[in-house]
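Colleague: With the hints as extra help, turn the sequences into a complete structure.
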Amino acid sequence: MAETPRPRHSFLVRVTHWFITLAFLALLVSGLEIVVSHPRFYWGETGNANTPTLFKIPIPSSRETVPTGYGHVLPDENGWSRYLHFQSAWVLVLAGLVYGVAGLFSGHFRRNLLPTLSDVSPKQLVSSIAQHLRFARPTAEEACSYNVLQRLTYLLVVFVLFPMIIWTGLAMSPSFVSAIPAAVNVLGGQQSARTLHFFLTLALVLFLLVHLLMIVLAGFRNRVRAMITGRVAESVERG
Amino acid sequence: MNKLTRRKLIAGSLATAVGASGLAVAAKLAQRYGLIPPDSGGFYGPGETLTYAAQRLLTRHSLAREFPRSEISKEPFANEVDPLGEEFQRLQQGAFGDWRLSVDGMVTRPASFSLADLKSFPRHSHITMIQCEEGWSYIAEWTGVPLSHVLERVGALPQVRYVVYRSFQHDWWDSLDMGDAVHPQTLLAFEMNGDELPVKFGGPLRMRVSRQLGYKNVKYITRLTLTDSIKSFGKGLGSSAPEAGYAWYAGL
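Read top to bottom, the protein sequences are chains A and B. Residue 103 in my numbering sits at position 103 of the first sequence, and the numbers go up by one each step. Residue 122 in my numbering sits at position 122 of the second sequence, and the numbers go up by one each step.
Any given hint could be a false lead.
Calculated pairs, DSBU-like style, for lysine-lysine (alpha carbon to alpha carbon, straight line, at most 35 Å) [said to hold, decoys possible]:
1. B:K74 to B:K200
2. B:K200 to B:K231
3. A:K56 to B:K74
4. B:K231 to B:K28
5. B:K200 to A:K56
6. B:K8 to B:K28
Pair ranges (Cβ atoms, derived) [to be verified]:
7. B:L23 to A:P7: 26 to 32 Å
8. B:L84 to A:N185: 35 to 41 Å
9. A:L28 to B:G45: 46 to 52 Å
10. B:E80 to A:A218: 49 to 55 Å
11. A:G69 to B:A244: 23 to 29 Å
12. B:G12 to A:E64: 52 to 58 Å
13. B:K231 to A:T53: 54 to 60 Å
14. B:E196 to A:N185: 29 to 35 Å
15. A:L104 to B:E243: 24 to 30 Å
16. A:F199 to B:K235: 52 to 58 Å
Since the hints were derived computationally from the structure, they do not count as laboratory data. All C-beta atoms in this analysis are idealised placements derived from N, C-alpha and C, irrespective of residue type, glycine included.
Modeller: Structure follows, in structure tokens:
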């Protein structure tokens with residue numbers, strides 16, 4: 001197994017990737033636990049069990065005051081879920097900041113994520129989409145950099161979805177918005193922020209599933225090794 | 001791959017020493033400026049401390065959002081409370097004429113106020129949102145006496161750091177740091193939407209903390225104790241909430 005001259009992923013990208021992975025999974029589990037205590041969603045400033053909903057998730061609740069139509073009440077897990085959610089949010093935000101600042105200065109964003117103008121031409125995009133639909137394995141050259149769909153997806157996740165989910169999370173905090181009211185006002189209200197936070201979660205979960213599927217298709221062991229050690233086995237890439 | 005050279009060893013040790021002493025200094029400063037919450041121990045302590053410290057620095061003088069009268073919720077919601085017992089029923093039948101709020105601890109003039117006393121003090125109203133940690137919310141107009149006025153009246157000593165408040169429900173108690181205790185929107189509320197505060201919503205007297213979640217807004221307040229150390233109250237975690245697994249600070 002020969003080593004690639006430069007690591008496939010830089011040290012900082014690898015470390016922050018795994019911190020963010022861990023934090024995201026903890027946020028997901030604890031977030032779902034919190035939703036279970038009130039699986040109803042609203043639009044605007046306020047909403048409660050007496051008001052109409054935007055939509056409901058058809059599951060039992062961990063609180064008996066929520067009219068779910070189910071006869072039983074799930075155990076209350078909000079205490080540790082809230083502690084874990086906010087602690088993990090700190091890990092995510094701090095690791096995200098390190099990744100963001102390092103990415104700007106090291107040229108990671110410019111070199112690895114920003115597509116070239118010719119990449120985003122309709123012709124190139126169609127060809128890349130067609131290649132994905134055929135589940136074609138990446139060529140050796142492609143396996144060492146990102147194709148245009150990957151670049152656009154990662155840009156969306158890094159610069160839109162994560163900033164938005166952090167923002168909508170902060171917009172639910174009564175204390176945070178006392179200092180920065182615009183954070184919630186421009187979203188249309190505190191319950192709107194909560195609903196958007198939920199949809200952004202769904203978008204990130206969808207990303208995670210596609211991300212995992214792509215890793216499996218491209219060679220799970222080699223891809224995961226590249227993100228842990230930075231090294232790629234050349235023989236596998238050529239295969 | 002990486003050889004440990006003398007230069008790297010020295011640089012590494014220096015960085016570690018600087019980091020460790022930096023953390024120690026930060027902890028000292030944070031303690032001094034009241035940025036460490038009472039429930040800062042344990043696995044979730046670091047996250048809780050970061051949140052509390054960050055929000056305290058950010059929100060030192062901020063006011064909770066206030067809303068126009070038209071935004072008052074027509075259908076507010078209140079969580080059920082356990083039965084309050086015969087003693088409460090007796091007080092309720094007497095229109096809470098015998099309800100007392102006692103104030104003790106580090107004060108020059110310990111006192112016991114009736115509801116009529118509290119209603120004769122300068123009052124303040126605000127139309128604000130109350131949010132439950134579960135996710136639901138409503139907006140109401142709250143009227144009451146600012147807690148800061150009561151603290152002045154009893155002569156709070158300068159070294160007071162926490163105001164402990166207790167409920168008629170024996171297992172409910174909580175505390176505020178001085179930032180929230182003297183905050184202009186923090187009320188001992190006795191009216192909601194212009195009427196007597198309904199029992200369901202915490203009447204006759206509820207702590208209204210505008211920048212924190214619902215569970216910090218304890219219902220049926222009977223006693224305030226001013227203290228410079230929270231350690232001797234309950235398990236020393238600041239309120240009954242951490243003893244049930246919930247964070248003491250509920251600003252988010």
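Colleague: Could you run down the list of hints and mark each one as holding or not?
Modeller: For each hint, the structure was consulted:
1. B:K74 to B:K200: holds (16 Å)
2. B:K200 to B:K231: holds (32 Å)
3. A:K56 to B:K74: Cα-Cα ~21 Å, so holds.
4. B:K231 to B:K28: Satisfied, since the Cα-Cα distance of roughly 18 Å is no more than 35 Å.
5. B:K200 to A:K56: holds (26 Å)
6. B:K8 to B:K28: holds (30 Å)
7. B:L23 to A:P7: 26 to 32 Å: Holds: the Cβ-Cβ distance is about 31 Å, inside 26 to 32 Å.
8. B:L84 to A:N185: 35 to 41 Å: holds (38 Å)
9. A:L28 to B:G45: 46 to 52 Å: violated (23 Å)
10. B:E80 to A:A218: 49 to 55 Å: holds (54 Å)
11. A:G69 to B:A244: 23 to 29 Å: holds (28 Å)
12. B:G12 to A:E64: 52 to 58 Å: holds (56 Å)
13. B:K231 to A:T53: 54 to 60 Å: violated (44 Å)
14. B:E196 to A:N185: 29 to 35 Å: holds (32 Å)
15. A:L104 to B:E243: 24 to 30 Å: violated (45 Å)
16. A:F199 to B:K235: 52 to 58 Å: Violated, at about 39 Å.
In this structure, the hints that do not hold are numbers 9, 13, 15 and 16, in rising order.
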